[in-house]
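Protein chains in written order, with the working numbering: chain A, 1 to 222; chain B, 1 to 331; chain C, 1 to 397; chain D, 1 to 392.
Think of the hints as simulated: they come from the structure by calculation, not from any bench. Ideal Cβ placement from N, Cα and C applies to all residues, glycine included. Please note: incorrect hints may appear among the correct ones.
Computed beta-carbon distance windows for the label pairs [claimed, not checked]: (1) B/A116 - C/E204: 31 to 41 angstroms; (2) A/H180 - C/G267: 20 to 30 angstroms; (3) B/Q232 - D/T280: 21 to 31 angstroms; (4) D/T280 - A/Q196: 33 to 43 angstroms; (5) C/R389 - A/Q196: 34 to 44 angstroms; (6) C/S208 - B/K58: 53 to 63 angstroms; (7) D/Q83 - B/Y265: 42 to 52 angstroms; (8) C/R390 - B/E182: 48 to 58 angstroms; (9) C/R373 - A/E71: 21 to 31 angstroms; (10) B/D211 - D/N47: 56 to 66 angstroms; (11) C/K247 - B/F62: 56 to 66 angstroms.
Listed below are the simulated DSS-like cross-link pairs for lysine-lysine, each with C-alpha atoms no more than 30 angstroms apart in a straight line [said to hold, decoys possible]: (12) D/K253 - D/K50; (13) C/K294 - A/K82; (14) C/K76 - B/K74; (15) A/K115 - C/K192; (16) A/K148 - A/K75; (17) A/K50 - A/K60; (18) D/K328 - D/K68; (19) C/K59 - A/K57; (20) A/K95 - D/K50; (21) C/K294 - A/K37; (22) D/K348 - B/K318; (23) A/K95 - D/K160; (24) A/K166 - A/K60; (25) A/K86 - C/K294; (26) D/K309 - D/K375; (27) A/K57 - C/K76; (28) A/K37 - A/K60; (29) D/K50 - B/K318; (30) B/K64 - C/K326; (31) A/K36 - C/K326; (32) A/K36 - D/K380; (33) A/K86 - C/K76; (34) D/K380 - C/K326; (35) A/K87 - D/K380; (36) A/K60 - C/K382; (37) A/K57 - A/K184.
One-letter residues, chain by chain:
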Amino acid sequence: MLRSLCSRLEPQSLICAVTRGMSAYSPHYIEAIFSKKKQLNLKETDEYIKLSHLPIKAAKNDDSESIFYNELVNKMVNYITKGGNKKLARELLTKSFECMKRVQIERMNLNPESKDTIIADPEQLLIKAIENSRPLLQLTAIKRGGVKYQVPIPVTEKRSYFLAMKWLLEAAREKERKVHLPEKLAWEVLDAAYNQGRVVKRKNDLHRQCESNRAYAHYRWS
Amino acid sequence: MSLLTRLLERNLRNSGAGARRLYSNHAEEESSATKHEFADEEFRVLNLRSTSQATQQKRKVFKKEPVQPPRHQKMATDQDWSAVWPGPRTFQPSVVPLPLRQGYTEKGAPPPSKFANAELMKIPNFLHLTPPAIRQQCEALKKFCTPWPKGLETLENCEKRFPIEIKSTDYCHALPTIRNPEARRVTLNIKLSDLKFDAHAKDKFLRLVGDRYNPNTGILTIVADRCPLRKQNYDYAMYLLTACYHESFVTESWESSKSEADMEYYSFERNKSKQSAEAIINWGQPVEEAKKLNADHGFAQSVEQLINEGENVYNLGKYKEEVLKLLNISK
Amino acid sequence: MEVALRIGVNLLKINRVCVHSASRITDSYAKQIQLNRDFSTEVTVNAAPLAVKKHKVSKAMKAYLERARENDEFMKTQKLEYQIGKRHLANMMGEDAETFTQEDIDNAIAYLFPSGIFDKRARPLMKSPEEVFPARKAAEFDETGRPFHSMFYTGRPNFFKLLYDIVEEMNKIHDLEERMLRRGTRADANQKIDFTGFQWMPKEQLESMLVEQINDLEYTNFTNAMDRLVSLPFSYKCQNFIKKFSKPLLDQTKQLEIPKPQFDADGRQFVTTYECLRKTARGDVTVRMPGTGKITINGHDITYFEELQSREQVLFPLIFAGLLGKVDVEANVEGGGTSGQAGAIRWGIAMSLRSFVDQEMVESMRLAGLLQRDYRRRERKKFGQEGARRKYTWKKR
Amino acid sequence: MLGRHSFKLPRLTNMCVAYSTAAAEASVEQLYNRPKLTSTDYRTAENNTKQHSAVHEGKFYTLSPEQKKQLFSGGGLPRQYEQQIKTFTEACLMVRPTSLELLNYIRNTDFTRPVVRYVLYGENGVGKTLTMAHVLHYGLQNNFVLVHVPWVPNWMKRPKETVNATTQEGFIDLPFDAAAWLVHFKTQNANLLTQLQLKTSKDYVWTKREATPAGSTLLELVEHGIARIKFASETIAALLSELKQHANDDKCKIMVAIDGFNAFFHPETRILGDNKQRITPDRVTLTQPFLDITNYNWKNGVCVLTVDKIGMTEGYMDSYLPRYLLGKEGFEHLDPFVPLHVDNYSDKEFASCIQYYLDRNWIQKTPEGFDEQLKYLSNKNPYTLMRLTRSL
């Protein structure tokens, strides 16, 4: 009887057994929803009432409601960071933003009639560049019958953002010594925002390769 | 459900007809009964070499001294406690009729009781100062009290007549000795305004006492703790005050030969600022000593303030005003 | 049988019996005992001798009975001593013994024996014996050494019995569901148990209810089983059973008491939050309303923080509550680095702002994670490792 | 962020296009969210500094490109401000209350009295240099001979070349810096000097062969200094004493504007002497002439000086107040001077600055309450505001 009891309990307990790990919070704490907009969205659903009983983790020290905050930009800063020097990373991205903006404003000044079509907001430019350089597919090596095949597989949304940002950064870091990172990053972002440049090319190359290897796509499952 | 069965089971067992049991058969019961019979029999010892009983009994048995039961067991609950515990004394478990416990234990275990509990002896107790005892003693002391001196009714009067304030602390402490080393410390407070000085003496006095003077409250504080006894420390503090006061009136011979760099404070009169200010005022005038205009007193004061008190927005604003006035610049 | 007996003897030695007679139930303990009653077995000394007379009793049982009697006597003398002591103490303090309560006793003891020991439990005390000698699990087997409980040998009979009961309930509901399905009726959606705002009985409480120690995994098993039970469509049929093990959650915001603002010399409202902690920084924050948006940190303005991130952090609660420029903030902070100090001030401002915003905003701020203290600290470096987590590069040779 | 749809293998390129257009739409929405601007709120057409009054306070006026070139080609504006000018395609200065106050003082100056020294002080980035730029513009428009040193600490902290002085024993000469300053002086004053036709009062003998005879114009003197870099420092000394002389003779009006004046009273410079030790500024040949011209013993002039804590070397940057920065000697040298505090923006100035930035497309993101946030993040400090708006 005991055994049957255990077998009844076990499958679910395996799923639900939350390992707390090294977190300072108990497992039932949930992440903070610090954006007002998100909270308003939640309010429309009845999730909001349920949240009132749940303990919330403290907001991180880079979260804020300020005008400078953007989730994607924050992520980009984190990717730029080396050795924990976030202050520098943020400064670099800010400089790069400044550079982009100056370029765009100069463009605006050159032909004032196209003022409305030129995007000079660096944040929008960055978002656009990232969206433009996000891959949909990637290749992985899968071994079938002793032969490795390059099989195209879809990329998750999160990873596609990661790859886009990584590529942008790699392109920016690949430069002569005299050019500073912010400048190069600004150029790369501007290029990618206009759907050209090395990063977009890299993405397209990858897609082309995936296209040519579509014959192997079935190896993903069989 | 199981609870019910258990209750039922218990009831059956406790009732007179206990022979019938749930979940048991008779065979098992019988065997266990026989076992019990064996277990109950006395174990016979095989004594091969029979020694005499007398030698065995000779061994001296250690006998404990009979201990008196604790005294508090004989106490009446309406006794006069101050007669039992008249003065300060270390905790005595047999005298104190309270079931006290003290000490840290792991969860689940009771704290150690009062007997042979050193912790209870270490801490001070106020068993001699229970409210009834205090009341009693106050009553007894009342007849020796003298009236409060006239003229010292208010705090201001007290301060006026006794400007020196002496502070010392008595400690009631868990220590093996009753003499706390901190008890010898004597603190002397006096308002500087209660002492009479001239300008030089005051300056010197403040230099002598250093940071013992608090400019915000105007109170001088002398703390003496170098002697072993409080009395000595008190004498020493009073001596320090007297000595500093009289020393401050002494003017040394070298004080007259100080140069500008040695000066304690900035004085407009002695400095280049005065020269340049006066040169500007007298610009274009023929050089005549008698007719020479002197720099405004307000300006001099503002410069002195700026340098002596240190820069701040207020001082700088005042300086600016004075300069505008001096140079006759209109807004 | 012999093995079983031996285990029984051992258990007897471990579990000193405590007898719960009705007279001993004090007010403070009545509740707990009420809970315990379901699981702790009652053995009274009087009940045993009837059986003893007829049957031969094992030596272990004899010793056990002896000990039970001794304990009973001991408790009786303790109680007497306590009553007498209480009268003595009332006499010492010059008060009436009849109206002398436990609180008076505590005060009197604290006055007579002033102890500065940090741990309050280690200070002198005079408590009723019921509190001093905690209750323990009663005997679990009869005089022949036979356990009462069929799951005695699992080691935690009450706990496993509980699991068993849960499954039994589940089975009942499954059967019911089947029958209902055959009849073509479905579960009433309106009656479905809404478990939001409730949680399962915490582990400690469950332990004291079962009078057994259980480990974390077992507790998880319990909660999982209960979750399953609740998730069944007809779970409302065993509502009473579920209720027994559930505990209502308090509204998180209502748990924190919001301080009332005080008035300063200018007639402005202000609230001060002390002990604002983050990492190794520590500070206190005063928020004044109405204000002009002046921010003072250690006597400087917001330029005290050179980094933009830290400034953003300080302003975060103000922006969030829409009070930027409407309140004045004064903060003193020391220790830690810039980000820690900014975090401490952020928390302080958010906590103080609660007094100046409505309840909805407080809840909103809580959801934004502004009212939660951030307990995360730097993780220590471990020996044999390069840092907190990273290992040294391993080379085979 | 955009949602990700389920994907299909073909038609990849089409999808990318769809994403980018969606992103563009989002951005356009934000662009139209801007507040309406009326240029009279933050701009003034009054370019004549003489007319500037409290009416124009907090408004921007435009510096014509020629005048900008004449005044600041040799420095005098912060580098980042130059960059802004390039991006904005115009050079605009805000009329600050402090500069108005100072201009008022200068307008009412009695030029028969000894020269008054005005000392601008304030925290980092409040606009001391730009206030001075405004005053310099006034000087240019009102025919002052400008003796303008863009940034003294440049000489004391990073000189181009150091040489032991030939004429004065134990002194250090900075020939390149001196020559650069002479060029700056020339570009600022060439027109005015040719008008005034000031002549040297005595012979200057540089070497056996070279000499500037009495009666040659000051421009000649300056050009000699530029051509013969070796004598540039001595030329400056000569030039300044000549100018002072002429001013005393009522032949011209001089405006002395020295930025970072406290660098002359540094406890130490970064220049290394013979024995590899840091020397004090009074051993630099350039110091004395500029100290002479900031003395009170002449007339027909105005001295505008700034003291700045970033002009100091490490360990001497605790306070921005003039007495601290000038030290005892510097204070005695200048006393009595008029201290003028340059403060952070007022609310009005801040609003006008934000509007100007919006007008120049410098601020691209304008969500609700952005100005309020910027106000508190920057503490209304002009420089911090400029830095903060970089990424917006």
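Consistency of the hints with the structure:
no.	hint	in the structure
1	B/A116 - C/E204: 31 to 41 angstroms	34 angstroms, holds
2	A/H180 - C/G267: 20 to 30 angstroms	55 angstroms, violated
3	B/Q232 - D/T280: 21 to 31 angstroms	55 angstroms, violated
4	D/T280 - A/Q196: 33 to 43 angstroms	58 angstroms, violated
5	C/R389 - A/Q196: 34 to 44 angstroms	42 angstroms, holds
6	C/S208 - B/K58: 53 to 63 angstroms	58 angstroms, holds
7	D/Q83 - B/Y265: 42 to 52 angstroms	49 angstroms, holds
8	C/R390 - B/E182: 48 to 58 angstroms	51 angstroms, holds
9	C/R373 - A/E71: 21 to 31 angstroms	24 angstroms, holds
10	B/D211 - D/N47: 56 to 66 angstroms	59 angstroms, holds
11	C/K247 - B/F62: 56 to 66 angstroms	60 angstroms, holds
12	D/K253 - D/K50	16 angstroms, holds
13	C/K294 - A/K82	36 angstroms, violated
14	C/K76 - B/K74	19 angstroms, holds
15	A/K115 - C/K192	60 angstroms, violated
16	A/K148 - A/K75	34 angstroms, violated
17	A/K50 - A/K60	23 angstroms, holds
18	D/K328 - D/K68	36 angstroms, violated
19	C/K59 - A/K57	59 angstroms, violated
20	A/K95 - D/K50	39 angstroms, violated
21	C/K294 - A/K37	27 angstroms, holds
22	D/K348 - B/K318	27 angstroms, holds
23	A/K95 - D/K160	29 angstroms, holds
24	A/K166 - A/K60	23 angstroms, holds
25	A/K86 - C/K294	28 angstroms, holds
26	D/K309 - D/K375	24 angstroms, holds
27	A/K57 - C/K76	52 angstroms, violated
28	A/K37 - A/K60	18 angstroms, holds
29	D/K50 - B/K318	29 angstroms, holds
30	B/K64 - C/K326	83 angstroms, violated
31	A/K36 - C/K326	19 angstroms, holds
32	A/K36 - D/K380	26 angstroms, holds
33	A/K86 - C/K76	69 angstroms, violated
34	D/K380 - C/K326	17 angstroms, holds
35	A/K87 - D/K380	22 angstroms, holds
36	A/K60 - C/K382	26 angstroms, holds
37	A/K57 - A/K184	38 angstroms, violated
In the structure shown, a violation is registered for the earlier hints numbered 2, 3, 4, 13, 15, 16, 18, 19, 20, 27, 30, 33, 37, in ascending order.
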